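K.L.:
As given, the protein sequences belong to chains A and B, one line each in that order. Quick note: this note's numbering has the first sequence finishing at residue 464, numbered continuously throughout. Quick note: this note's numbering has the second sequence finishing at residue 1464, numbered continuously throughout.
Hint data in this document are derived by calculation from the structure and do not stem from the laboratory. Owing to the predicted nature of the structure, the values given are computational and were not obtained by experimental measurement. Here a beta-carbon is modelled for each residue, glycine too, at the ideal position from N, C-alpha and C. One should not assume that every hint holds.
[As the list claims (entries may be wrong)] The following label-pair restraints were derived from C-beta to C-beta distances:
(1) D1280/B to A354/A: 29 to 37 Å
(2) R1247/B to W42/A: 32 to 40 Å
(3) T315/A to A1217/B: 40 to 48 Å
As a plain string of letters, each chain reads:
Protein chains: 2
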Amino acid sequence: MRTPRYGQNAKDFSQAGILAALPEADDLLVTAEAILTLDSEWQLYEPGYLAVRDGRISAVGPASEGGRRRASRRIDAGTSLLMPGFVNSHTHIAMAAFRGACEDAPDRLTRYIFPMEKHLVTPDLTYWSSLFCLCEMAKSGTTSFADMYYFEDEVAAATEAVGLRALLGETLVDQGSPDARDFSGGMDYAQGFIEAWKGHPLISPCLAPHAPYTVDARHLAEIAARAEDLDVNIMMHVAEMDFENERFAMASGSVLRYLDGIEGLLSSRLLAAHMLFVDDADIALTKQRGIRVAHCPASNAKSGRPICPAARFQTAGVPLGLATDGPLSGNGMDMEGILNLFPKLQKVRERNRALLPAHEALRAATLGGAEALGIGEETGSLEVGKKADFILVDLDDFNMRPVYDWYSTVVYAMRPHNVSSVFVEGNQVVDTSRMKRIDEKEVMAEMARLREDCSSYIEGLSRA
Amino acid sequence: MRTPRYGQNAKDFSQAGILAALPEADDLLVTAEAILTLDSEWQLYEPGYLAVRDGRISAVGPASEGGRRRASRRIDAGTSLLMPGFVNSHTHIAMAAFRGACEDAPDRLTRYIFPMEKHLVTPDLTYWSSLFCLCEMAKSGTTSFADMYYFEDEVAAATEAVGLRALLGETLVDQGSPDARDFSGGMDYAQGFIEAWKGHPLISPCLAPHAPYTVDARHLAEIAARAEDLDVNIMMHVAEMDFENERFAMASGSVLRYLDGIEGLLSSRLLAAHMLFVDDADIALTKQRGIRVAHCPASNAKSGRPICPAARFQTAGVPLGLATDGPLSGNGMDMEGILNLFPKLQKVRERNRALLPAHEALRAATLGGAEALGIGEETGSLEVGKKADFILVDLDDFNMRPVYDWYSTVVYAMRPHNVSSVFVEGNQVVDTSRMKRIDEKEVMAEMARLREDCSSYIEGLSRA
């Protein structure tokens, strides 16, 4: 086992461009059968090229124009699609060690998940479980994600080791948690976590109150004030649970209107996950307060919850990203499954097959997610000056042909294994479907060990 | 291009056992990390073995017992899961050549699909497009499927070439179709098709009236009588469309009750696809008449249709299988995506997370599908005496670990690429993710040609 050291690799990223660049040459130039830019004009190039300098996109356009450029490294991805990496806007990646345990139970959170976390979550589990989960995410094309959990320092260390971009929140609850005796202990941990990681080129630390039903109004106000002081984001589960909705709707009309009564909480710092029990007034309030939304269609459906009015949030102009949720909630951690499900559930909800055409669905999985994380200016689409966060998708497979409409192919036919290479800030994270900076075998072995450690407690729980 | 010849390979299958077997020895013995039998007692073996003789399962049990048996071929699949192959109960595989065209249009069937079929469907397109689609299906673990289309002879030839098991129906409509000038021409084609393929060890031909809104009552009665004469199944789209429901519910109460007025149609010969616009009386009638149901959750959702009350059909004791629908409707042709979606949509529909636990969901994708095809006695579960239709799933990937509950892993976390080998009637169809009997490159090249042939017409249509 390795002891993580925070921040030691940060330098590698910021200097990558300087080391590799020749004067006036690109660090990397990739040509591909097609490039989807996801820019505001939906430009796509068939074939196309993308050039990278100092971690940013220095040019993108038709392949014929790329030939004249000088570059330190060239990749000819002639039968690949090049597109922005996926942005997963809400996860709990350290829960990978529990995936598949205690399924289909009506009161799963309180009966199984909270006890499991109390007994089993350690820094060691958090680190290795996160690293394991990040391999699945990176290999299926995710370049940025948002996460909230305990021992978030360990999640950050694993994220840095893999090389993905992330917004990471230390989870705060009123009662004791795996990493804090009480609320104020959690706040101390969070403060230290934020100080350790703030300014990292890929990782943004933030505060993550668990939910309106686990953090009281006084504590939520304290968190809002602290976020202001530290100039960080806030992440929270909002309007996800039936019992939560019943409790707050009674007195305040809705969960969101209850939260609006808490000083400073509803602001553009907030990334709210789920947002299931919302009415039209809540959607308008979400827009008015500048809140961003992480939509988790798979985990919500698996729990038998109502379908989030995601398309209505979009129509109202609310930044909306897609998300897997944690591996205990949504199981598969690839964004392909979420992207495929998202328009289907919205079409069912609104009984309208023309709603959310494929290109708009894909926007939510890329630029929409970046906007939800508050980094839409930096990533989520392929535009000159933005960070070079992109993926190559191998088209040489039966599920990927024929192509009449690239967006339809990506949204409805693409599967995780089609992703072959992944780049974050111009650095290669996945190369021909293998992790580039990580020993896959070691990570698999560590997960086998964690499973062994957890299984007797989990088996006892499920028998109880 | 190759001219298909029907039936020439049929002998290979029926004699495979005889050729390979030593006296009292198994033809094949596979050991695996786990075997899910899907039998009535949900037996699973960790680790387990499965033995095959003459195309049938000769034994299945704990691995420790397999060591004593003699076998011509042994496979040690130590980090694989062995389970029944998937059964896809409703497809139009020849439509792969059109996948992704003209998406998200409100009146897609009449505005785009019917004209496309009229102009572009030929025997050549049907054969190669089917072969292409079968590669995606086989490689993702489908061992049996039901299909209805035009030139179904070509679909059968492609199916035989690949080596899957199928129930194949020649599509019949009142008006002219790609392969018949009028209804009676279609019936003549169907009669010839059935005579050519009846008795094939893997392929069961049948009659497939398109839908209640494209085949009138007189013709439906004629089809029912012919099915009786020929002793074959009937496949039909039922209660799928809004306009269909409006038309028949007005006069008869429901689409199904309208069909019940047609002599001989609603019987245990019928496999009805979709069944969206049904009430409790229709569900009871479905059970009473012995009808089987093919549930297509992905294509229905993508079209913004109501969610089929699939769990209610199951509760009523109706045989229910899962299906992708055609590649133009559901796009991805892997059953993993459908299996993953099925319980989610049912849980959402009934607002009940405990509904359809993972093992029951998996049953619908395997044995339930076999029952829907009328072959539940022969395949769909791993039991001694049944056909050896099974798959190996590689567990050595990040999405497949850890395992606490095999059913949850298969239903919610498994993806198409995890399937490594596929066996139908003991014959290997896919070997370490490659088609065994098919030249993949040739099939890919033929699809590129078809796409080239179709694109100008399809582009013209979508601009119109």
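K.L.:
Give a verdict on every hint.
P.N.:
The hints, checked one at a time:
1. D1280/B to A354/A: 29 to 37 Å: 31 Å, holds
2. R1247/B to W42/A: 32 to 40 Å: Cβ of R1247/B to Cβ of W42/A: about 39 Å, so the range 32 to 40 Å holds.
3. T315/A to A1217/B: 40 to 48 Å: 44 Å, holds
When each numbered hint is compared with the structure, no violation occurs for any of them.
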